[in-house]
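**Student:** Now for the letters of each chain:
Number of protein chains: 2
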Amino acid sequence: MSFSAAADTLAANLEASIDRWVDWLKIPSISTDPAYAGHCRRAAEWCRDQLTELGFTASLVETGTVTDGKGSGHPIVLASIEPAGSYKGPHVLFYGHYDVQPVDPVSLWHSDPFQPVRRGPLPGEPGGERIVARGAVDDKGQVMTFLEACRAWKQATGHATGGAAYTIVIEGEEESGSVNLQPFVLAHKKLLSAADVCLISDTGMLGRNKPAITYGVRGLAYTQVTLHASNQDLHSGLWGGRCPNPITELTRVLSQLHDKNRRVTIPGFYDKVVPISKKERANWAALKFNQKAALKAIGLPPAADIGEKGFTAIEREWGRPTAEINGIWGGYTGEGAKTVIPAHASAKVSFRLVANQNPADITKRFFKWCKDHTPSGCRWDLTDHHGGFGVTTPIDSPAMRAASAALKSASGKAPALIKSGGSIPVAGMLKDKLGLDTVFMGFGLDDDRVHSPNEKFELDCFRLGCRAHAAFIHHITSA
Amino acid sequence: MSFSAAADTLAANLEASIDRWVDWLKIPSISTDPAYAGHCRRAAEWCRDQLTELGFTASLVETGTVTDGKGSGHPIVLASIEPAGSYKGPHVLFYGHYDVQPVDPVSLWHSDPFQPVRRGPLPGEPGGERIVARGAVDDKGQVMTFLEACRAWKQATGHATGGAAYTIVIEGEEESGSVNLQPFVLAHKKLLSAADVCLISDTGMLGRNKPAITYGVRGLAYTQVTLHASNQDLHSGLWGGRCPNPITELTRVLSQLHDKNRRVTIPGFYDKVVPISKKERANWAALKFNQKAALKAIGLPPAADIGEKGFTAIEREWGRPTAEINGIWGGYTGEGAKTVIPAHASAKVSFRLVANQNPADITKRFFKWCKDHTPSGCRWDLTDHHGGFGVTTPIDSPAMRAASAALKSASGKAPALIKSGGSIPVAGMLKDKLGLDTVFMGFGLDDDRVHSPNEKFELDCFRLGCRAHAAFIHHITSA
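Residue numbers (my numbering), protein chains in the order written: chain L, 121 to 599; chain E, 121 to 599.
Rather than coming from a laboratory, the hints here were simulated on the basis of the structure. Don't take each hint at face value.
Because identical chains share one entry, a pair is satisfied inside a single copy or across any pair of copies.
[Said to hold, decoys possible] Taking lysine-lysine and the DSS-like style, the derived pairs with C-alpha atoms no more than 27 Å apart in a straight line are:
no.: 1; residue 1: 274; residue 2: 399
no.: 2; residue 1: 330; residue 2: 399
no.: 3; residue 1: 488; residue 2: 310
no.: 4; residue 1: 412; residue 2: 491
no.: 5; residue 1: 491; residue 2: 416
no.: 6; residue 1: 146; residue 2: 309
no.: 7; residue 1: 458; residue 2: 399
no.: 8; residue 1: 491; residue 2: 380
no.: 9; residue 1: 488; residue 2: 380
no.: 10; residue 1: 458; residue 2: 488
no.: 11; residue 1: 553; residue 2: 208
no.: 12; residue 1: 491; residue 2: 310
no.: 13; residue 1: 190; residue 2: 528
no.: 14; residue 1: 429; residue 2: 310
no.: 15; residue 1: 458; residue 2: 491
no.: 16; residue 1: 208; residue 2: 488
no.: 17; residue 1: 528; residue 2: 398
no.: 18; residue 1: 408; residue 2: 274
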């Protein structure tokens, strides 16, 4: 059975596909707000029913503490399909999420976030027709491209995955920390371990008409540090020059986080870093990423191209670990003047990690570094806000080859092999707990306004996603 | 005429003195809140009427823009008294203020801030009977000690200042920046220039039963600096390591404000600093100030005794300039984790100055230093929140000798000669505009909770103040 029959079906049924996608988007499945728990469940049921209709064995798995048959967390959609008896290819675990981010500030939306609007670009906007709604792309829209590919295969051949072995996990807490996902994975380890590879559509392309496979994301370790001095706020006239000012001391400590070459100074920080290979450097250079233009787009001059010495901007984002201060606060921050020396000052400090850095290990090393730099007379409160492992997927696996071939079949172009400086903790967790590598085949664009007002997914991207998933099924069954 | 007659009158009339003091405290003259403008005017009128009763020529001077006879600022009480024809001593300008700080957090008060309570100490509190109210000490209570001394002299001799030349200025905006005081001083320059010395009771003693004269306060320059990088908040995964993080950059700049000896690194910062003389060092050492105990009282170990190398704690507070970060903020400061690189980060940076440092000059030098340290690709917004000159009063003037003798007559003890690390901008302004030195003869205690809930002034301190001002009149007329 070939890709072309499924592709023809997709093309013929595009309007119905969009209708289903819009249906799902109308359910306000905001996971972080308990008031939306009922909507989250409806969104999960909607997805389960689609999978059942497509021939999967699908159910909702309750999460968190379960009473009266319902969990304190949002349910996870778990589905699997009986492969064709002759199928010998990889078993694919498709992961996605049905929950969405909150919509505030709602006043900045041009239309109701949960009344999807189909329209062209506004004057000055690039791109073509799109659906505007919360979750349009992240991640309902991307999951829909997979579901519609299955529907086309089902219609064309009678089997939603063309006979291939697929397990489906669609969770409802990705936007609120995935706190119940690891317990779920451990509880279903035997079932999930049957998979050979994980496939996720929650990333982007290199640009319009530039399909890409993301073969790595960075890990994350997120911390909060508070430096305490006196047990009360002090008058800076009476105490200035006589005791530690925790703000001054905190700036003195944090200023030492990077050396003059912008390398992180924490001992052992780079021990587990896998160097960027010559081949990767050459591949990334060939993408001709324009850092100057990217800086200009955020209002910065070329002189703002700063970072670890000896690496290009894209190498620093995709292949090198970083330390960033995400927040800082202490003392008087209102209007005008107040001559206070505060009792404490705080900062949020996070690290983006590359394989094989362990977030817990990095946090431990950072906390030790803080303690080794404790200013005289002061003490720390150190809080671990956790994070996740980074992952790098081998680019020569059957699934990676299938994804590459699928994107070429779907778009006519060989996909770029890219990484992302962001973090997708679920991939690191699946690698850690199940040994699974993840292929990130995503169809978003940089300007999709993910997590922001007026989130959108363009129809060209949606169509490409449907075709690519249909082609992936073709190539994986031929693998 | 001797001090003893006035002292006897004071002792006999103490209860009536307290009643008048309490009367004034009941008027909620909070200057910073426009809703209290009427109360401020009532407090000014109350004071004017007292002075008139005592034989002064007293009036309210409107401030700010004046329409319909009333000013947009709070009125200043201006009064003078005809000296005895034979009087040849110094002309004294007595300065005080009738306005008070806001009372929040009001829930922490044990009684209504404007229903003064006379009571003993609570269990565990040191000291004796006191009046608890907003303004009890700062500055109505201290001004009252002067007014009651005048009343005793008036009763005993018929002349409220024993024949000496006094001009009185009681302003109503000290707690909200004294914005209309300098215009007032310039508009009344001829009248006020007749004074030879300024006398202020708005400071404290060295401790209970340890009277003191403060012969110097530090100046202040207060600024706000904001460092801008990108024109929008950025995702730390996508941008971490590729562009300036304004928090990181700000900490790197501010960490250079002090060198390893805790000296301020701004070029020229120390140019106008008058060194502490050998004699002053010896005098201050003789006070046996206990820095360890002071640190312990605010929860700090002896190791927290940090400051400019080569100086004792008291030398650093009284005789050396300092740089302090009074506030810092930027990025995400809420609960949990947000992986943001913010567009900007800010800090409040202030400097305590010693004669002859000019606040405007120091601010200018600091801003130049910021610009010289501008991180690559970033830009500054620099705001001057102003401040004031420091002052040091020559200790061998007739007024200083009179104050010293007065405190000895009133208490039986020679007063300590101390300085304060805080700032009283009015003194610097009077020196700058009128060439007047200021004698600070104050009766407060460190634990009076000035600006805080449950402000108090102890009756022993109040009594000492009344006696001291009465004795000062005696000694100044004998000078």
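**Student:** I'd like to know which numbered hints this structure contradicts. Please list them from smallest to largest.
**Tutor:** 1, 3, 6, 7, 12, 13, 14, 16, 18
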